[in-house]
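Visitor: Respectively, the protein sequence lines represent chains A and B. For the first sequence, the working numbering gives the first residue as 1, with consecutive numbering after it. For the second sequence, the working numbering gives the first residue as 1, with consecutive numbering after it.
Among the hints, a few may not be true.
Claimed, not checked - Heads up, simulated SDA-like pairs for lysine to any residue below, C-alpha to C-alpha not over 25 Å straight-line:
| no. | chain 1 | residue 1 | chain 2 | residue 2 |
| --- | --- | --- | --- | --- |
| 1 | B | Lys145 | A | Ile202 |
| 2 | A | Lys191 | B | Asn124 |
| 3 | B | Lys67 | A | Ala140 |
| 4 | A | Lys191 | B | Ser85 |
| 5 | B | Lys145 | A | Val16 |
| 6 | A | Lys149 | A | Ala201 |
| 7 | B | Lys78 | A | Asn5 |
| 8 | A | Lys189 | B | Lys107 |
| 9 | A | Lys176 | B | Lys186 |
Unchecked claim - To give an idea of the interface, some chain A residues facing chain B are shown, with a C-beta separation under 7 Å as derived from the structure:
| no. | residue |
| --- | --- |
| 10 | Leu59 |
| 11 | Ile92 |
| 12 | Ser173 |
| 13 | Ile174 |
| 14 | Leu205 |
Since the hints were derived computationally from the structure, they do not count as laboratory data. Beta carbons: idealized from backbone N, C-alpha and C, even for Gly.
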Amino acid sequence: MSLTNIYLKIFSQIFVYHSEEGFLAKLHPSSKTVLLFVCTVLAILCTRVEVLLLTLATLIILASTSINLKRISSIFISLAMFIAPMVFFMIIYIAISCRSLYRLAETTLSITIAMSRLAVISIAFYIFFATTKPQSIARALNKLGIPYKYGYGFVISLRLLSILSNDLIEIMSIQKLRGLNIGNNFLNKIKNYLAVFIPLAISTLNRVDEITVSLEVKGFGLKDKRSYLYVEPFRFTDTIFSSLCIALAIATLYFCI
Amino acid sequence: MISRGDYVDSDVCDPVAVVDSVWFRYEEDYVLKNIAFEVLRKDIVVVMGPNGSGKSTLLKILAGILKPQRGEVYICGKNVNEMQSTDLTKYIGFVHQNPWFYIFNLKVYDEISFTLRNLGVNENIIAENVLEIATELDIVDLLDKSPFTLSEGEARRVVIASAVVHKPLLLLMDEPTAGLDYNNKKKFIGIIRRLNKVLGTAIVIATHDIDILAILGEAKIVVMNRGEIVYRGYVGDILSNPKILIENSLSIPVEIEIAKMLGINWRNLENFNNLIAEVGKIKGSLCR
Ligand SMILES: Nc1ncnc2c1ncn2[C@@H]1O[C@H](COP(=O)(O)OP(=O)(O)O)[C@@H](O)[C@H]1O
Ligand SMILES: [Mg+2]
């Protein structure tokens with residue numbers, strides 16, 4: 001598999017709900033939204049590296065209650081693969097351009113902070129999408145006052161992203177089997193891109209068309225309000241968890257800033 | 001049938017493909033468990049199985065699109081994951097179950113000739129080959145059309161044409177008859193059979209379409225369920241003992257049922273062919 005394929009494969013898994021068991025999966029979507037929000041705020045406002053790393057560790061421990069370790073580490077590895085080249089070049093640049101050791105240490109620290117921020121936010125989002133049913137996300141958005149049409153649109157497009165990247169991998173393999181990439185001049189290169197993107201566009205349009213039709217025949221969007229058969233209970237654990245999150249965040253921010 | 005061009009080494013290998021104890025999984029659970037089989041030269045192998053049994057996955061592994069976690073696949077003695085992509089193109093014709101994953105040219109003719117052009121074949125030879133295949137699949141009048149306006153069945157026939165036009169040694173076809181009516185299925189089987197008989201092309205068809213069994217009585221069959229091979233043998237044998245089909249959420253073709261009911265010896269090829277022709281006519285008129 002080429003590097004592009006590996007990236008696509010990982011990308012295709014980020015927004016996919018796959019964990020139905022464990023502590024996080026049983027938590028109410030609102031509690032998880034609180035967690036997501038708190039982590040994002042912390043990551044943006046907090047400038048102390050130890051606090052960020054502690055938050056990251058907490059998130060990983062939380063994640064390990066519902067997502068298996070292999071998946072978590074694969075997300076980490078892909079994150080690392082993504083940022084490693086950037087970090088590498090920055091370090092080299094700094095080492096060449098600034099002579100003083102103090103400046104070097106300072107910049108390295110700020111890079112570390114930036115990277116931990118990125119990691120905290122990515123993991124928080126990953127946890128949210130991996131353990132929350134798409135329907136629940138849509139419902140939660142609806143509760144927040146966003147019309148359910150848009151909520152569902154959002155959820156469907158997230159799901160579509162992952163299908164799209166899987167399709168892209170398949171189409172690339174098929175066209176390669178048909179002999180794509182053998183020619184090397186400029187015209188051929190353009191043709192190569194078309195050979196992948198036209199089928200991708202068409203099959204995506206087909207999928208969107210199917211989704212639209214099947215939603216429409218079920219009367220989706222007919223009324224502005226809708227009822228729900230299944231409603232998750234907001235449990236006692238949820239109250240505790242959310243309050244704890246908020247309290248911890250406020251305390252950290254108080255000491256941090 | 002026009003013979004294979006000199007872009008493929010004609011001293012054909014045997015066995016064409018070997019699947020050596022392959023295990024494969026997308027996520028946690030294995031979807032192929034210890035699959036092993038060989039495709040010999042001149043073989044037609046039908047891989048049958050209910051939805052989700054792993055047929056498509058197996059074909060993708062045979063084509064080198066997916067790499068198994070355990071086990072190896074060899075095409076003409078070479079490990080498929082280490083082969084040059086040019087060689088893979090020459091050796092393998094692949095039909096994916098979604099025809100829209102192929103189509104990007106403005107004319108059907110260009111779509112079908114894509115592989116031959118990539119292999120650097122002379123335009124005259126391309127024209128001969130395209131016309132031959134198009135005639136057999138009854139799509140000659142589509143050649144000048146835009147492929148984007150085709151119906152599903154037409155698109156599938158175009159894709160089949162573009163996968164067989166370079167006369168590969170091994171044809172891998174995933175649900176090739178989905179969306180085809182009975183007559184087109186028969187035309188499809190016709191060309192498959194001729195490629196097989198005349199050029200010795202090895203063919204693997206993954207499908208749950210039981211109509212194929214009635215038309216392809218002489219083929220080998222592999223029945224899969226939940227990632228395992230539960231039966232291997234000949235189509236003729238499984239039709240006389242359809243228990244395995246029924247146990248695996250498949251059924252027997254109507255023709256065979258009727259033959260059994262009428263007490264016709266369907267294993268006698270001539271009787272059986274007459275019967276199929278009759279039932280085919282009935283099916284054809286029902287479809288119209
Ligand atoms: N891209 C994929 N990612 C994850 N699981 C998949 C993927 N493709 C297929 N599967 C799963 O693998 C199993 C076998 O699928 P497939 O080979 O398509 O079966 P078949 O072609 O016999 O219907 C199914 O359980 C299916 O859900
Ligand atoms: Mg399939």
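Visitor: Hint by hint, which ones does this structure get wrong, listed from lowest number up?
Guide: The structure breaks hints 3, 5, 9, 10, 11 and 14; every other hint is satisfied.
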